[in-house]
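*Asks:* So the chains spell out like this:
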Amino acid sequence: MPAIIIEQEKINEAVKTIMDLGGTGILKCVQCGACSAVCPGVKAGFPLLCRLLIKNILDGRLEEIIEESSSWGCQACNRCTEVCPQNVRPQEVVFAFRRYQAGELAISTSTTTSQMNLYETGHAVYSESSKELRKKVGLPEVPPTSVGDAKAQKEIQTILEQSPMGELGLF
Amino acid sequence: MEKIGLYLGCNIPFKAPDIEQSFRKVFPALGVELTDLPGAGCCPAWGTAPSFDLNTWCAVSGRNITIAEELGVDVMTGCNSCFGILSEAKHFMEKPDRKKAVNAILGQVGREFKGTSDIYHASNILHEVIGVEKIKESLKYQLEGLKIAVQPGCHILWPSDVMKVKEKNSFYPTHLRDLCEALGAEAPEYSRLEACCGMGGMRSTDVEKSLGLFTEKLRSIKEELDPDMIVTTCSSCFLQFDMSQQILKERGVIDYEIPVFYYTQLLALAMGFDPKEVAAISQTRRDGVIAEIQSEKRKINEEEPHGV
Numbered sequence: 001m002p003a004i005i006i007e008q009e010k011i012n013e014a015v016k017t018i019m020d021l022g023g024t025g026i027l028k029c030v031q032c033g034a035c036s037a038v039c040p041g042v043k044a045g046f047p048l049l050c051r052l053l054i055k056n057i058l059d060g061r062l063e064e065i066i067e068e069s070s071s072w073g074c075q076a077c078n079r080c081t082e083v084c085p086q087n088v089r090p091q092e093v094v095f096a097f098r099r100y101q102a103g104e105l106a107i108s109t110s111t112t113t114s115q116m117n118l119y120e121t122g123h124a125v126y127s128e129s130s131k132e133l134r135k136k137v138g139l140p141e142v143p144p145t146s147v148g149d150a151k152a153q154k155e156i157q158t159i160l161e162q163s164p165m166g167e168l169g170l171f
Numbered sequence: 001m002e003k004i005g006l007y008l009g010c011n012i013p014f015k016a017p018d019i020e021q022s023f024r025k026v027f028p029a030l031g032v033e034l035t036d037l038p039g040a041g042c043c044p045a046w047g048t049a050p051s052f053d054l055n056t057w058c059a060v061s062g063r064n065i066t067i068a069e070e071l072g073v074d075v076m077t078g079c080n081s082c083f084g085i086l087s088e089a090k091h092f093m094e095k096p097d098r099k100k101a102v103n104a105i106l107g108q109v110g111r112e113f114k115g116t117s118d119i120y121h122a123s124n125i126l127h128e129v130i131g132v133e134k135i136k137e138s139l140k141y142q143l144e145g146l147k148i149a150v151q152p153g154c155h156i157l158w159p160s161d162v163m164k165v166k167e168k169n170s171f172y173p174t175h176l177r178d179l180c181e182a183l184g185a186e187a188p189e190y191s192r193l194e195a196c197c198g199m200g201g202m203r204s205t206d207v208e209k210s211l212g213l214f215t216e217k218l219r220s221i222k223e224e225l226d227p228d229m230i231v232t233t234c235s236s237c238f239l240q241f242d243m244s245q246q247i248l249k250e251r252g253v254i255d256y257e258i259p260v261f262y263y264t265q266l267l268a269l270a271m272g273f274d275p276k277e278v279a280a281i282s283q284t285r286r287d288g289v290i291a292e293i294q295s296e297k298r299k300i301n302e303e304e305p306h307g308v
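As you go down the protein sequences, you meet chains A and B in turn. Under the numbering used here, residues 1 to 171 are what the first sequence spells out, in order. Under the numbering used here, residues 1 to 308 are what the second sequence spells out, in order.
In isolation and in its complexed conformation, chain B is listed as follows (with noise of 0.2 Å):
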């Protein structure tokens, strides 16, 4: 069996544990053990030491890639800004001089950046090391039928240059989409597919402009492919959906709602996995495409001899 560290990060265990669990159930049945990565903290988050000073950046980052290192494992996380943070700084600290610096810090603590972990995104994972085929495989319903807007984030993206698994053309990603058909779905391409949804320093610094954004990549989802649900693989990207579906609404900007999920917990809910522990989090509701989702009609019969 795979095993890999789960870097939890901020967003996902305090906001959304939801998806935790969905990592907690999924990666396992996949054969992918998850080691906790104990005391590790924040990446840390852009607007914290990042905009402060490079090398408290690389420091803050580089102590938790050392309790991967020394437990001897690559590094897995499902929030986007966190897998920037950390593949970054590890780009950075391949520069000898950054290192020693660094490393300076570090020693205070008694650590030492090695550079020996490797940084992965949860959606790495799953496409490249588990594999459409096998996730395939690991399904208890199927979604046949079901149209699926997919939103893969900014930061699993670019630059492309620090990081281990690349999309052929990063301006077109089809990772997510790939991942969303193993299920059963389809997942279109759309115009605004690679567009921020506007979370982030973005939505601290002006939420106006932040919603400005965001409004009209939801408007490019409704019109051009009125989806059953919205599926990402970024925790920041999910909060965003969520929430700032309800704040559009309020004001009469939309008129609809579209059910939102972490990639893992739609995976999880055709793994046949319980909704409470899964998927229990939202504020725009998504109790009915569960339903569906874990509807009888759906179920795949595995007694069926598949014309063995």
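Looking at chain A on its own, in the form it has when it is part of the complex (with noise of 0.2 Å):
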């Protein structure tokens, strides 16, 4: 009867590749699941994340998971890392996977106007409607931020641009 197949190949590739975009401890995992005990996506509802998603990476399947939107859900809030009792820590694994993902483009569609918004403004949540509410509260309609900023907002693009996210042709 024939076992899971596996592609010692595929496996060190994947790995490399996750370790490549900083997922540094996932090879010190032994998948004890203490991670996906107190992580806040699993509860909700998204599986791959926490030890299933770094199953997956370890057994090599990093194409097969490509469309997956769990690591999306991950709130990076590192409890994960708190209580991994083999210092992997997990979150760093999740958004190497994304990561991988983005290099990729398999990103929500929902993640473009936050980039635009970046580079547009320095800021990635903005709106017009901010100067009402300012003004309302007794503050200056415009903060003391990279929105009202030229030389800031050139910094920010000038970063951006030569990034990975730039050449993906995100701006």
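Please keep in mind that the hints were generated in silico from the structure rather than gathered at the bench. Since this is a predicted model, take the numbers as computed values, not measurements. Take every hint as true, because none was put in to throw you off.
Okay, derived cross-link-like pairs now, DMTMM-like style, lysine to aspartate or glutamate, Cα gap no bigger than 20 Å in a straight line:
#1 136/A - 287/B
#2 164/B - 82/A
#3 166/B - 82/A
#4 131/A - 277/B
#5 299/B - 133/B
#6 95/B - 20/A
#7 168/B - 82/A
#8 151/A - 70/B
#9 135/A - 36/B
Both chains come to you apart, so use the hints to assemble them.
*Replies:* Laid out in structure tokens, this is it:
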């Protein structure tokens, strides 16, 4: 009877990809599941986070799960990092997997507005209606941030343009 | 007077500027001078640069921190996400290789990250630098008899190894309870006190899953405490509690609503500041409890000799 087929080369490639993208602790994982037990994402119903995501990567199944939305449900809360007895820092693995997905443009279209906001104003969240709200509570319409500062915006744009985000053509 | 750089982020200045105004009122009155960080931008939010590239995350965070370094001040933020993002970026840049790579990027915009400014949450400054005794002395109204459900949020607690100020047990946090009790209110433990409210990446990815977590937390608060208000030191949690109670009400999931405050808004009210400036923007109504807080009977009589 055939067992699970493990392709060592595929595993090595998946692990290297995730480690290069910041999930440096992945090989220390012993699949105990302490991370998943405290994960609000798992609790809310995103299955492929923490232990199960790591299991898939350690089995070399990276392309197979590239469309998974679970990783984008991660709150980056780091409860997993706090409780992991092996110091895997599972949140860093989840974000490394996100970066792998993002590099292949396997991202939700809902995120594109925040990328453009960040590029244009220096703020991922920005709304013109804030001026009225600020005035109402006795503050200047524009805060002393990049939103009203052309030099600051230029600096942020320079950083973003030469980054992998710029190479993906997000801006 | 202590001096600290006020890092605003996005949600507070653009969605809840009454929280920003409450910082600008209470901190100087408590002896902490706030210095603006001109040109600071997004931290950057979890769904932006951190989801694409680690060095870009560190460069955008590092740029913000260099503004404080140039002014010779530490950084204080009232947004849990900004606090987590900046604290972690600083932690990553403690590795010389990472710092070098990030500074190669920052060099292109004429900046260098040195690592000389520390990152603090507004709650850290209130609890550790100002302290509950000084807060007690600053009050014009006392909150005796009012019950508060506290919501510290996630990023102020974990991962604790990247933070300057730590709770004794991050899964049983007490700092925000201490700060609320300093106002004379009651702030009891409840079973889901440390639980996530469901805001953040989860809400933009799947709003129903987010509301599922939120509903469970809200029910726990209502059934276990039935509080007069919910008080948080996370601007994202504030937005979730404020707007999602209205969604649940419209859907008939709940038949009540609980007023929500960011802690410094409540503190500012107890210090006598004008609610039109410090607690003016919310979807969930707060006017009843604000009137109760600033009522004549709660006034602390300064003329009273206190046995002197």
